[in-house]
Each structure stands twice: as C-alpha cells, then as structure tokens.
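Residue numbers (our numbering), protein chains in the order written: chain A, 594 to 1090; chain B, 359 to 688.
Hints listed in this document are in silico derivations from the structure and should not be mistaken for laboratory results. Please note that the accuracy of each hint is not assured.
To be verified - With beta-carbon atoms standing in for the labels, derived distance ranges: (1) A:Asp675 / B:Glu411: 36 to 44 Å; (2) B:Pro372 / A:Ala706: 56 to 64 Å; (3) B:Asn520 / A:His736: 49 to 57 Å; (4) B:Val457 / A:Asp675: 32 to 40 Å; (5) A:Asp912 / B:Asn520: 55 to 63 Å; (6) B:Ala641 / A:Pro979: 19 to 27 Å; (7) A:Pro880 / B:Gln421: 46 to 54 Å; (8) B:Val371 / A:Val764: 45 to 53 Å; (9) A:Arg765 / B:Leu387: 41 to 49 Å; (10) A:Ser852 / B:Asn520: 56 to 64 Å; (11) A:Glu1066 / B:Gly541: 32 to 40 Å.
Stated by the list, open to error - Capping the alpha-carbon separation at 20 Å, the derived lysine to aspartate or glutamate pairs in EDC-like fashion look like this: (12) B:Lys415 / A:Asp692; (13) B:Lys416 / A:Asp742; (14) B:Lys416 / A:Glu748; (15) B:Lys416 / A:Glu744; (16) B:Lys416 / A:Asp692; (17) A:Lys962 / A:Asp922.
Beta carbons are placed, not taken as given, at the ideal position from N, Cα and C, and that holds for glycine.
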Amino acid sequence: MSSRSAANRGPILAIAGAMLSTAFLAACRTPDVDQPDGASSTVTVAYCCGDEALNPIHDMEAKKLVFLTLMELDSLGNRVGDGAPFTARDIEFTIGLMDDFWDPDYGSGAFEAVTVHDDSTITIRSGHGRRLYQIHMVFYPTHLLEGLDPERLGEWGFWARPIGNGPYQYVRAVPETMMEFEANPDFYAGVPSIARVVLKFSGAAAIADLLSGQVDVSSDISTADRAAVAADPRFRLYYQMWGGSQQVIYWKNDHVLFSDPTVRRALTLAIERRELLRALDIPDEVPIIDGPITPDQWIRRQLPKPLPHDPERARALLDEAGWRDMDGDGILEKDGRPFRFTALVRTLSDEDTPGNVSAGVYVQSQLRKIGVEMTLQPLDPGVVMPRLESGDFEAVFAWFRSYETPWLRRFGLGEGDPIGYRNARLQELIEQASRTWVPAEEDSLYSQMAEIFLADVPVTFLHLNVGLTVAHERLRGLSSPWRVEPVRHMDDLWIQE
Amino acid sequence: MLKYILKRLLFSVPLVLGIVTATFFITHLAPGDPMDMYLERQRQRQVDPEVIELLRKKYGLDQPIHVQYGAWLKNFVQGDFGESFRHRRPVRDMLVEAVPYTLQLTVLAIILDALVGLTLGIISAVKQYSKLDKSLTVGSLVIYAMPSFWLALMLIMVFSVNLGWFPTSQTRSMNYQDLTAVGKVLDRMWHLALPVFVMGIAGAAGTARYMRNRLLEVLNEEYIVAARAQGFREKTVIVKHALRNALIPIITIYGMSLPFLLGGATVIETIFAWPGLGRLTVAAVGGRDYPLIMAATSIAAVLTVFGNLLADVTYAAVDPRVSYDAPRRR
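Start from the sequences, fold in the hints, and give me the full structure.
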C-alpha cells in the first residue's frame, strides 16, 4: 500500500518540482526589460550581428546610424560627436584607410585619385571606369583613428564605442546583447524623430522576438517565416527589391543542349514564373524582368517586357529545333540524344540570396511538361559559384547582378567565358556602360543589352531577390520597395502613437 | 597505472595530429574559396581580381596546400590558431570569448542530464513494470526521439512568445549593467533556463534508459541475491550494493561527453543566439573560415582523445577488477 502511494506521489512531486523550478526561474526575470515602451519613441531592432555590428569589416547597415555616407556631403563642416569638425580630410583619410584594408567599397582601385582642396572641398576620381557606390560608404573621424594600426582595424575598440556625426550617437552596449543609440541633437539634417534606437542582437530568434513583442522591427525574417506575421494585425510587411538583383538559370550556352537560342527561349517560355513567385511566397507586385536594367529604369519602371508563359509555343519551338519524342517515353530526343541535363541549385540561403531548391523543383515540373528532364543537384552555396565560374555545369540556378560590370562582363565572351555565350556587340555595350556617368546614355545602353538578352536568352530570369522587413504597425515611414531597411532609414522614421 | 597513462598520452599525439591533418586537407580540398565567400558576404561590389589575389596572398591561400599545411602546423604547435578570415581577429581571442559561454551551457546541461537521468533511471529500474516505469519509459523514449531543435522552438513558442516567462534568446537582459550582482546571476540563470533544459533533458532521457537497464542487470546478479538473503534492507541493497556497480559504466559515458562540453551545443546556440563556440563554428563552416574551423576541430579532437583517456583511468580507479598494470608472472 505504502509503495503504491509513493509511486503515485512520484509524478505529482515531479510536476510540482518542475512548476516550482519554472516559477523560480521565471521570477528571475527582470520585468518589462525587453518590452518596447509604447509611450516613448524608442525603437528596438532585431539585428543580426552582435558586438561587431559597426565594425567596417562586416559592412553592416548599422554603421549608417552613427556615420554619414557620401550622399550626405553637405554635412561637411558639421561637428562630430566629440565636437571636432567633420571635414574633407576625414573623407580622404577614410578612403585611404579602407583602401589599405581592401574594403570592396573603397579599396581595390575604386578611387583613382582623391584631392582635398580645403576643409569643405574634395575631388574624387573614380578608378578604372567604375561607379562609386555612394550609399554604402561612410566616413570616419580622422582625429580619433589616425594613430591606430590599420592592420588591426578589425580589433579597434572604436567600433564598440563609435563617435561620428550621423543621425544617432552611441549611448551604451551590453556585450553580445544590444547597442543603444540616441538621436544626435546636432545632426545636420535635423534631430531624428525617434529618440532612441536599440539594436538587439537576436540572431536566429528575430521572429520569436517580434512575436513576443521584444523588438519592433526586423529585416532578418525569411520568406518562410512570412506566414507567421502576415496575418497578425500588429505588423506591417515591407518588401525590399531592386530589379538588378535576380535569381536566374544560367544555361551552358556552348553545350550541345543549349547552344541554340530557340531552345533557350523555349525553356523560358515553358516556365510559369508568376506562379513560381507565388510558390516562393513572393508578393504579386514583384515584376518579372527579362534583362539587365539601371537603377533609373527601375525607379521609372521602364522594364524590358518579359517573355510570356506559353508552353504550346515552347513545344513548337523545340519541335522546330528538331527535338521530338521519338520513342514515346515523354522525353524529347534529337539525333538519338534525350533532352536530359543536370542543374546545380544552392541548398542554403545566405544574407543576400535565397536557396534555390524550391525554385528548382518547380522549374523541374514545368520543363517535364514539355518533355525536358532536368535533374537537380543540390549543393552548398560555396560549391555552386566556383562551378559556375569554372564553366563546370550544364545549368545553374544562381544570382545575377545586372548593374555590376564584373557580372555582366562574363556574358558574350564565347569560349573564354564560363557561360559560353558569344556576342561581341554585348561586350561592347557592357564596356561602354561601365565608362559612362550620363544616366540617359546608360539607360540607352542597358536597353540595348536587354534586347540582346531577350533575343538570345543566355540566361532565364526567374525572380527578383526580395528582402522582407516586418515592423510593428506603430513604426511609420517605411515603404516598399526602397525605404525598407529600418536602420538605414531610421532618421526618416517616426512612431505613430 | 602511471606508465599506462604516459603511454596513452604518447599515443594521443599522433592521433590528434592525424585528426587535425585529415580535417585540414578535407576542409581545404572542399569546394568553395574562402575569399569568394567573404566577398560574397560583403555583397561583392566591383571587386578587382587584384584585390582577391592580395587577400589570398595575405592569408597564404596562394601557396600549395602542403606549404599551407606546414605553416598551419608550425603555428598550431605553438598555440597560434591564426587570424579569422571573416572577423579579421586572432582566433585565440575569439575562442577565449566564446568558450566560457559554451561551458556555462554545457556544464549545466550535463548536471541536469545526470540529476534527472540517473534519478529517473533508478526509479524506473526499482519500480520495474509499474505504471510509473512504463510512463517514464515512454516519456524518455519520446524525448530521446525528439529533435532538440524542434523542442527548442516549441519551448520558445510556448514559454517565451505566448507566456512571456523566459527570454527568446541571448545571454543577458538589456538592462544587465544596471542589475546588482545577485540580479546579474539571476538574470543569467533566467537566460540559461530554456537552452539548458533542452540540452539536459534530451541527454537525461538517454541516461535514464541506460541507467535503468544497467541497474536491472546488476539487480539480477548473484551477489545481490546473496545480500538480500543475508537480510539487508532493500534500500541498502540497492544503494550500497547495486547502484555503485551500476554506475561504473556511466562514468565512461560522462568521460566520453568531454568533447560535448565545447562542441555539443551547436544547434542550441544557434537557435538561442548564444554566442558560444558552436555558433561560431557554424558560421565559420558556412564562410570557409579555415583558421576558425581548424581551431574548433583541434579542440574537439583533443577533448575527445582526453575524454577517452579520462574515462579509462577513472574506470580503473573506481572498479578494482580493472587494472592496466601488466599481470605479474608467477
């Protein structure tokens, strides 16, 4: 009897013990510590990158809270946080510093010459016909950094307690937890509306932090997590995209299967790309763009007209090219060779680009309907790009950046080019575009390039890369598709009480 | 015994060397250039091939692989793990920062594992075939089969998102610096609760099963029957005679868990944004950060070898039947 009652008490004691432990640990909680304060204008941002958020080696948007970019040069003469003036010499110093450190924005010959005329006048000459990426570059105060060892730039304590003349000033940090900033009262463009900004280093827990109300906004939400917040009235969703950053299928243009432009066109016509976007949870307002474009064309929505989804036409084109199902197995053949190939797909996402397995599976089913068998080979992202660069593929799902000359330069070279597409006229247009700064001329050159892409289809454009930002509805001022990154645009945002 | 330990230590040198050498070549021969990965993460804007070559030269990646290996090995034996490609900081500094976080997590998880696992295993064995035993058996099998990442996500959803009892992630609250010393300790415990529970409970489920089976084996031994026949109380038989013998193989399990102390929290650290060695290693693998990968692997290799040695030595210390000394000739 006694042993039975003891046995019965066991689970009860265990449950009671567990509840007591839980209550004790929950009591350890410091109340309301992480809750956003609705009454004040504090915005807590789920941020990815820990204590190194402002370290230039990671090139994060957070640097724009504290430092100014080349777009804001009318701030010259303004004061840095410690009272020293911000001058042209700070720009010269930063360019030299980062050039030594091989930052892709500043270094690698992006600047041919930098001449300081006086404290508020500077001439910067772009190097090697390359454009400057003004929106990404920020400038650091010379007087605080010039004595430090540039070789150990990544270890400088300055990045943990930065001082600049941007819209916000550093206040404090809790290691591996958060950095706090307050509005800069001397900001040249006026004091930002949001008084305090907290970067909470949520990492993979960004979605949980949003749902639990511990942060107000996050740009680290994957499209897979979109469903968790899309129907929640507390949040608004914003999509960041620009037409020059796409996912495409690179065809091996000198491969026997893909050497005929008619075939490449047929394969593109067979894919219902609008449905692909829905399958990938990409919103309907995202356009399909068949070709490279400039930022101006994107803003004005002067986009190349995409090829339609037309499987009947695709079948006819393949038939015209000699591809027919001779043995009735559902796969097309030509000269005894079945239309079978392998496409490489990226298994994982990284900061900028999604994995391609879902898109690959969808395209696979679409091509199967016109008698083309595509086998998917899912690979680590670090493997896919070297295979693309070395030409060791039949087809690759990967990203494409149309406004970056090194990307475009790989097209049209023929044998020396990993894609195997030969077009001297395209090469000429790419070189001309890399040398011009005149927007209208650039637009014209890109339109001609787009016509070539549309005619020869060296790649099949699938969809734009879309970044998702989820913000609490009280945070206002964000808008798709440009003003989406909360940290970059923080000084333009406000709280709707 | 001392001779045995020295012999094992001597053998462990080529073993560790073999492991790190294999890891070095596998890592370096795997496709994916670290400089490409680094620049891709930097959004790869307009990077001149010259710059990539300069970066490769700086980190010795332009050298033949055997030369790279020689340079790495020379630094390794001097305790220099090099500089992280991605963070541009000495790997040693990064390890010094990350290891304490991981140890907090894993040591507490092992303690929880032992306390819960051994207790439930003993109860289960003593109450063999009772409802309690059956419930514990089913419960431990369910938890053992449950992926820890899924359990972690479910606990976050219930206890952090819905109930708000625990933080979703991280090591400290945002007002940590304003807390008293006691407050700081409590705050850390509050943040450790969910990750430690997930790691500890999964281990406890396995330990409970192992402990139950082992204790049942011992309880059927003849010396236990003899003890009972001599009229010892059941509690004395179990605690003094059965349990001590049943615990001996458990030592091996915990000795083998030494590498887990630093490398066993990879998934949990990532989910809970815990800045330990596991999360660092995951990021290093993704970014082909060779120096960081090699440092993490070397630590795991050394701990595995020494964990085995520790288990064997402890085994001999607690079980008089086990001896590593050469038998005396008569």
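Here's how the hints hold up against the structure:
Taken as a hint, the range 36 to 44 Å holds for the pair aspartate 675 (chain A) and glutamate 411 (chain B), whose Cβ atoms sit roughly 39 Å apart. The hinted window of 56 to 64 Å between proline 372 (chain B) and alanine 706 (chain A) holds, with their beta carbons roughly 57 Å apart. For asparagine 520 (chain B) paired with histidine 736 (chain A), a C-beta distance near 51 Å keeps the hint of 49 to 57 Å intact. Checked against the hint of 32 to 40 Å, the C-beta distance between valine 457 (chain B) and aspartate 675 (chain A) comes to roughly 36 Å, which is consistent with it.
In this structure the supplied range 55 to 63 Å holds for aspartate 912 (chain A) paired with asparagine 520 (chain B), their Cβ-Cβ distance being about 58 Å. Between alanine 641 (chain B) and proline 979 (chain A) the beta carbon distance is about 20 Å. The supplied range of 19 to 27 Å therefore holds. In this structure the supplied range 46 to 54 Å holds for proline 880 (chain A) paired with glutamine 421 (chain B), their Cβ-Cβ distance being about 47 Å. At roughly 51 Å, the beta-carbon separation of valine 371 (chain B) and valine 764 (chain A) lies within the given 45 to 53 Å, and the hint holds.
Range check, arginine 765 (chain A) to leucine 387 (chain B): Cβ separation about 46 Å, and the 41 to 49 Å hint holds. Checking the proposed 56 to 64 Å range against serine 852 (chain A) and asparagine 520 (chain B) shows it holds: the Cβ atoms sit about 58 Å from each other. The given range of 32 to 40 Å is respected by glutamate 1066 (chain A) and glycine 541 (chain B), whose C-beta atoms sit roughly 34 Å from each other. Of the supplied pair hints, the one linking lysine 415 (chain B) and aspartate 692 (chain A) holds, its CA atoms being roughly 16 Å apart against a limit of 20 Å.
Under the criterion of a C-alpha separation no larger than 20 Å, the hint pairing lysine 416 (chain B) with aspartate 742 (chain A) is consistent with the structure, at around 17 Å. Pair hint lysine 416 (chain B) plus glutamate 748 (chain A) holds up; C-alpha atoms about 17 Å apart against a cutoff of 20 Å. Taking the CA atoms of lysine 416 (chain B) and glutamate 744 (chain A), the gap is about 11 Å. The hint holds against a cut of 20 Å. The straight-line distance between the Cα atoms of lysine 416 (chain B) and aspartate 692 (chain A) is roughly 15 Å, inside the 20 Å bound, and the hint therefore holds.
Taken as a hint, the lysine 962 (chain A) and aspartate 922 (chain A) pair is honoured in the structure, with Cα atoms around 12 Å apart against an allowance of 20 Å.
Taken one by one, the earlier hints all hold for this structure without exception.
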